[in-house]
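Trainee: Spelled out, the chains give:
Number of protein chains: 2
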Amino acid sequence: MQENNAKGTDIATLGEFGLIKHLTKNIKLKHASTNVGIGDDAAVLDYQNKKTVVTTDLLLEGIHFDLMYTPLKHLGYKAIAVNVSDIYAMNALPKQVTVSIAISKRFTIEAMDEFYEGINLACETYNVDLVGGDTTSSLTGLCISVTAIGEAEADQLAYRNGAKENDLICVSGNLGAAFAGLQLLEREKRIFDNNPAMQPDLTGHDYILERQLKPEARKDIYERLQEAKIVPTSMIDISDGLSSDIMHICEESKVGCQIYEEKIPVDYETHKMAEELNMNYSTFSLNGGEDYELLFTVPLDRFDAIEKIEDVKVIGHITEISKGKYLVTRDGVEIELQAQGWNPIEEEEN
Amino acid sequence: MQENNAKGTDIATLGEFGLIKHLTKNIKLKHASTNVGIGDDAAVLDYQNKKTVVTTDLLLEGIHFDLMYTPLKHLGYKAIAVNVSDIYAMNALPKQVTVSIAISKRFTIEAMDEFYEGINLACETYNVDLVGGDTTSSLTGLCISVTAIGEAEADQLAYRNGAKENDLICVSGNLGAAFAGLQLLEREKRIFDNNPAMQPDLTGHDYILERQLKPEARKDIYERLQEAKIVPTSMIDISDGLSSDIMHICEESKVGCQIYEEKIPVDYETHKMAEELNMNYSTFSLNGGEDYELLFTVPLDRFDAIEKIEDVKVIGHITEISKGKYLVTRDGVEIELQAQGWNPIEEEEN
Chain A
1 MQENNAKGTD IATLGEFGLI KHLTKNIKLK HASTNVGIGD DAAVLDYQNK
51 KTVVTTDLLL EGIHFDLMYT PLKHLGYKAI AVNVSDIYAM NALPKQVTVS
101 IAISKRFTIE AMDEFYEGIN LACETYNVDL VGGDTTSSLT GLCISVTAIG
151 EAEADQLAYR NGAKENDLIC VSGNLGAAFA GLQLLEREKR IFDNNPAMQP
201 DLTGHDYILE RQLKPEARKD IYERLQEAKI VPTSMIDISD GLSSDIMHIC
251 EESKVGCQIY EEKIPVDYET HKMAEELNMN YSTFSLNGGE DYELLFTVPL
301 DRFDAIEKIE DVKVIGHITE ISKGKYLVTR DGVEIELQAQ GWNPIEEEEN
Chain B
1 MQENNAKGTD IATLGEFGLI KHLTKNIKLK HASTNVGIGD DAAVLDYQNK
51 KTVVTTDLLL EGIHFDLMYT PLKHLGYKAI AVNVSDIYAM NALPKQVTVS
101 IAISKRFTIE AMDEFYEGIN LACETYNVDL VGGDTTSSLT GLCISVTAIG
151 EAEADQLAYR NGAKENDLIC VSGNLGAAFA GLQLLEREKR IFDNNPAMQP
201 DLTGHDYILE RQLKPEARKD IYERLQEAKI VPTSMIDISD GLSSDIMHIC
251 EESKVGCQIY EEKIPVDYET HKMAEELNMN YSTFSLNGGE DYELLFTVPL
301 DRFDAIEKIE DVKVIGHITE ISKGKYLVTR DGVEIELQAQ GWNPIEEEEN
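Quick mapping for you: the protein sequence lines, in order, are chains A and B.
full-length UniProt numbering puts the first sequence at residues 1 to 350.
full-length UniProt numbering puts the second sequence at residues 1 to 350.
Some hints could be false.
[To be verified] Derived PhoX-like pairs (lysine-lysine); straight-line CA-CA distance at most 20 Å: (1) A:Lys254 x B:Lys25; (2) B:Lys254 x A:Lys21; (3) A:Lys313 x A:Lys263; (4) B:Lys219 x B:Lys313; (5) B:Lys254 x A:Lys25; (6) A:Lys50 x A:Lys229; (7) B:Lys50 x A:Lys50; (8) B:Lys254 x A:Lys254; (9) A:Lys214 x A:Lys229; (10) B:Lys308 x B:Lys219; (11) B:Lys313 x B:Lys164; (12) A:Lys30 x A:Lys219; (13) B:Lys263 x B:Lys219; (14) A:Lys308 x A:Lys229; (15) A:Lys21 x A:Lys105.
These are computed hints drawn from the structure, not numbers from a lab.
Take the sequences, apply the hints, and build the full model.
Mentor: Have a look at this one:
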């Protein structure tokens, strides 16, 4: 457990413009499509004849992250990763991001440097240019707003509404790990709150902790799909949970689905954590959010091509709308899917 | 003075997805460049061979607005206006916006409807499509993040770094009015806080109140410049104050400037408010922020064309960098300009 309001240099010593200059001084623009980055009223981009894809996310302290156990560098990295993930989920290539932050005076320049280290690392990893943003103060917690912009040829875009009957439902990586990591961190926080002398016990849980604190967007899967010349008939990134997100695809595509519980990939550490907490690991994989894996559909005749892509599993298929949206359990029982995904609005009410 | 947490329908009755559907159900897309709006992982835009211009702003309760005296409809309108203002300041045409909000549970659906009424009205006024956003909860105040996207031909863009020696410095409208309105509202709030039985006295101050609560971006000036085929050599919108914003242009363009105090346009109500508060009105016009007027430079030989544009005044000229940045007062005294504009980061420290 850490404290982020450690001693350091007061932000007021720089002022708003000074802080922006300080934080952005090392930015090197990578893309020809980035004509002008930070420093004017707006950034200027040139996408020529490609489609421009835009997404935005707002992250708030106490709702989306807890600075008690979230290192600021990871937080900066995650803020970029979750946004470029939405661009990949369109089967598009992220190119630029803007980052706005509101900070309270307990943040030091050193703390902001740490946050921007994570931002910059993610911009390197996902090969995007940081082209703008806004920096202001907050009376309360940290607030982060990121907008990501990307490009794609018109015929390459994958929407949520294109899934067809008999299409295969595919998912990358494994599910429920980020939620398992969150459960662990929350448990250790409760123990620490009750007895600050206790040291948290996080050993043996590195993987699920990383999935929660420093998730990756599936750039690699986007690239494999491009190489295999597969354009998914529909695609979404799993931010709310498999159950909720497959329902988005079904509703937008006006189809039903059948998903097989035994096919849903779950990591060993996720299993173990669920067991420790006396919970069913399928609850984690079906309803745990923030995995940022790609969930997509492809025509049945692309089965062989999909099989060859490492780290992608077929977990079910699309049915006609009247068949409904079902999970087939290990025992062969069909259960109607319910959207129990992570809901930040309801969360507050609990 | 008003209370925004009036009785109404609890947001939790809708949930996140329900709320988004409710708030965006009446959106009609206006532009051919908006291929896909709200409802997928990202919006899809098509700018063909034009440049894409992107800007973003973060507005926080208690820092940028006070819900004690800010009607939510005006706040929604202002959130859009201040962002499209940045697009006009590039001499570009705004086309799309995304709006993200974080709300605490004291907000009702009716309150959000009011906020979105303002958003939608501004989208009509400035002819922009609302194409995306994020809706989440906040443990504390209201947080608004808007990104605006626009287009321009490459040779039409006006940056901050193109001002040349002898260029005329021009400004639209009048300055200091938004700051005068803020001073009035803050004064009446203090009176109300001390004695809630007192009714605020805002009569005769309609203009400055509107400039503070419901500012407009200068779409009309952008259009007049287009008609007159004037491409400013540099342009910025006045959000931090004339003094601070002309300094941005001078620093980016590596030039000096000379501004004449007597030429700076100030409205009668701004004068009157300054007098009531025993302050110098030039402090309002030089250092008051949030006017969202356009400040730009044009070559000397465009003087006749500029003279014909209603509501634009020439207030000085660009000099070589060694001459420095000066204000010439009514008495003919030269005073070096200082950036004392509105600074949200320092603000908190006061």
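Trainee: State for each hint whether it applies.
Mentor: Hints, one by one, checked against the model:
Between Lys254 of chain A and Lys25 of chain B the CA atoms are separated by roughly 19 Å; this keeps the pair inside 20 Å, and the hint holds. Proposed proximity of Lys254 of chain B and Lys21 of chain A is supported: the alpha carbons are some 17 Å apart, at most 20 Å. Restraint check for Lys313 of chain A and Lys263 of chain A: the C-alpha separation of about 8 Å stays at or below 20 Å, so the hint holds. Only pairs whose Cα atoms come within 20 Å are accepted, and Lys219 of chain B paired with Lys313 of chain B is accepted, the gap being roughly 17 Å.
As the CA atoms of Lys254 of chain B and Lys25 of chain A are separated by approximately 19 Å, the hinted pair is consistent with the 20 Å bound. Distance check on the hinted pair: Lys50 of chain A and Lys229 of chain A sit about 18 Å apart at the alpha-carbon level, within 20 Å; holds. For the hint linking Lys50 of chain B to Lys50 of chain A, the alpha-carbon distance of about 11 Å falls within 20 Å, and the restraint holds. In summary, the hint linking Lys254 of chain B to Lys254 of chain A is not supported, as the alpha carbons are separated by about 59 Å, beyond the 20 Å threshold.
Taken as a hint, the Lys214 of chain A and Lys229 of chain A pair is broken in the structure, with Cα atoms around 29 Å apart against an allowance of 20 Å. With a C-alpha separation of about 17 Å, the suggested pair Lys308 of chain B and Lys219 of chain B falls inside the 20 Å cut-off, and the hint holds. The suggested pairing of Lys313 of chain B with Lys164 of chain B holds, with an alpha-carbon distance near 18 Å, which does not exceed 20 Å. Distance hint between Lys30 of chain A and Lys219 of chain A is fulfilled; the C-alpha atoms sit about 17 Å from each other, no more than 20 Å.
About 23 Å separates the Cα atoms of Lys263 of chain B and Lys219 of chain B, which puts this hinted pair outside 20 Å; it is violated. A distance of roughly 13 Å separates the Cα atoms of Lys308 of chain A and Lys229 of chain A; the hinted pair therefore holds under the 20 Å criterion. Between Lys21 of chain A and Lys105 of chain A the CA atoms are separated by roughly 18 Å; this keeps the pair inside 20 Å, and the hint holds.
The earlier numbered hints that this structure contradicts are 8, 9, 13.
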